[in-house]
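**Q** Assemble chain G onto chain D, guided by the hints.
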Amino acid sequence: GNSVTQMEGPVTLSEEAFLTINCTYTATGYPSLFWYVQYPGEGLQLLLKATKADDKGSNKGFEATYRKETTSFHLEKGSVQVSDSAVYFCALSLTSGGSYIPTFGRGTSLIVHP
Amino acid sequence: EPEVTQTPSHQVTQMGQEVILRCVPISNHLYFYWYRQILGQKVEFLVSFYNNEISEKSEIFDDQFSVERPDGSNFTLKIRSTKLEDSAMYFCASSRDPIKSPLHFGNGTRLTVT
Chain D
2 GNSVTQMEGP VTLSEEAFLT INCTYTATGY PSLFWYVQYP GEGLQLLLKA
52 TKADDKGSNK GFEATYRKET TSFHLEKGSV QVSDSAVYFC ALSLTSGGSY
102 IPTFGRGTSL IVHP
Chain G
-16 EPEVTQTPSH QVTQMGQEVI LRCVPISNHL YFYWYRQILG QKVEFLVSFY
34 NNEISEKSEI FDDQFSVERP DGSNFTLKIR STKLEDSAMY FCASSRDPIK
84 SPLHFGNGTR LTVT
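In the order they appear, the protein sequences are chains D and G.
Take the first sequence: its letter number 25 is residue 26 in the numbering used here, and every next letter is one higher.
Take the second sequence: its letter number 2 is residue -15 in the numbering used here, and every next letter is one higher.
Watch out, some of these pointers could steer you wrong.
Unchecked claim - Some chain G residues well away from chain D (every beta-carbon gap over 10 Å; in silico):
id : residue
1  : Pro(-15)
2  : Pro(-9)
3  : Val7
4  : Asn11
5  : His12
6  : Glu39
7  : Pro53
8  : Lys61
9  : Ser78
10 : Leu86
Unchecked claim - Calculated cross-link-like contacts (lysine to aspartate or glutamate; reagent style EDC-like; alpha-carbon spacing at most 16 Å):
id : chain 1 : residue 1 : chain 2 : residue 2
11 : D       : Lys61     : D       : Glu9
12 : G       : Lys83     : D       : Asp56
13 : D       : Lys57     : D       : Glu70
14 : G       : Lys25     : G       : Glu(-14)
15 : D       : Lys61     : D       : Glu77
16 : G       : Lys25     : D       : Glu9
17 : D       : Lys53     : D       : Glu70
18 : G       : Lys25     : D       : Glu17
19 : G       : Lys25     : G       : Glu36
Worth flagging that the hints you see were computed from the coordinates, not collected in a lab.
Just so you know, even glycine gets a beta-carbon here, dropped at the ideal spot from N, CA and C.
This is chain D alone, in the form it adopts within the complex (with noise of 0.2 Å):
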């Protein structure tokens, strides 16, 4: 099946420091790629996406190219702020026998101390 691997968090980074986070994933096909920031006591919410291979998404400084020879999807960001703190997720969106199930990574929580 479908499937997200992300990084284990906590990251922990100072203020204006360089952020990755490792995102892989497993599909029968040619999924969409997304990441979802999740600020605390909120829902889930788009930060970027890329709909097929060697797209780059962009949003708010943050980057992922969407890699299919490694099946990747990393997020970056060069200089990241102290409101950047929050769980970011990495998902794959693909059909899948006419189903449609948007499948998610386990999240990776970042952490900026000023």
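**A** Just chain G now, kept in the frame of chain D:
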């Protein structure tokens, strides 16, 4: 921007009682989902709903669970006889196109079973 709204935000119930969690998806969306998240951890798929019927459900979604779209705007999740392990955050989500478009999540209902 349209939002997915969920009510109540917090529900406390006794073991064995029935609960109904309510959601109003975004009006022009056609695909609806329930997910749950225990203690801020993994986001687990429960059920997807399209064209007024369940399109997919997980192992978690046993006979104690049911979903309904009673009036064309609300989307409800019913748990007939709650167990302690049903305590979790329950998120409703909707999508226009689940492959290329993201899910839009509500802020969740925190269910506490005592």
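**Q** Next, verify each hint and record whether it holds.
**A** For each hint, the structure was consulted:
At roughly 13 Å, the least C-beta separation between proline -15(G) and chain D is larger than 10 Å, which holds for a residue marked as non-interface. With a closest Cβ-Cβ approach of about 15 Å to chain D, proline -9(G) is found to remain outside the 10 Å limit, as its non-interface label requires. Interface exclusion of valine 7(G) from chain D stands, the closest Cβ pair being 14 Å apart, more than 10 Å. No beta-carbon of chain D comes within 10 Å of the beta-carbon of asparagine 11(G); the shortest separation is about 17 Å.
Annotated as non-interface, histidine 12(G) keeps its C-beta farther than 10 Å from every C-beta of chain D; the closest such distance is 12 Å. Taking the minimum C-beta to C-beta distance to chain D, about 4 Å, the non-interface status of glutamate 39(G) is violated against the 10 Å cut. Listed as a non-interface residue, proline 53(G) keeps its Cβ farther than 10 Å from every Cβ of chain D; the least gap is roughly 23 Å. Chain D leaves lysine 61(G) outside its interface by the beta-carbon criterion, the shortest separation being 20 Å against a cut-off of 10 Å.
A beta-carbon of chain D is positioned within 10 Å of the beta-carbon of serine 78(G); the least distance is around 8 Å. The claim that leucine 86(G) lies off the interface is violated: its Cβ sits roughly 6 Å from the closest Cβ of chain D, which falls inside the 10 Å cut-off. Restraint check: the Cα-Cα separation between lysine 61(D) and glutamate 9(D) comes to about 23 Å, which exceeds 16 Å; the hinted pair is violated. A hinted pair counts as satisfied when its Cα atoms are at most 16 Å apart, and lysine 83(G) with aspartate 56(D) qualifies at roughly 13 Å.
Proximity of lysine 57(D) to glutamate 70(D) is assessed by CA-CA distance (about 15 Å); at most 16 Å being required, the pair is judged to hold. Using a Cα cut-off of 16 Å, the hinted pair lysine 25(G) and glutamate -14(G) is violated, with the two alpha carbons roughly 23 Å apart. This hinted pair checks out: lysine 61(D) and glutamate 77(D) have alpha carbons roughly 11 Å apart, not beyond 16 Å. Distance check on the hinted pair: lysine 25(G) and glutamate 9(D) sit about 12 Å apart at the alpha-carbon level, within 16 Å; holds.
Annotation: proposed proximity of lysine 53(D) to glutamate 70(D) holds, straight-line Cα distance about 12 Å (limit 16 Å). Our distance criterion of 16 Å between C-alpha atoms is broken by lysine 25(G) and glutamate 17(D), whose separation comes to about 28 Å. A C-alpha spacing of about 26 Å is found between lysine 25(G) and glutamate 36(G), which places the hinted pair above 16 Å, so the restraint is violated.
Figure legend: structure checked against the earlier numbered hints; hints not met, in rising order: 6, 9, 10, 11, 14, 18 and 19.
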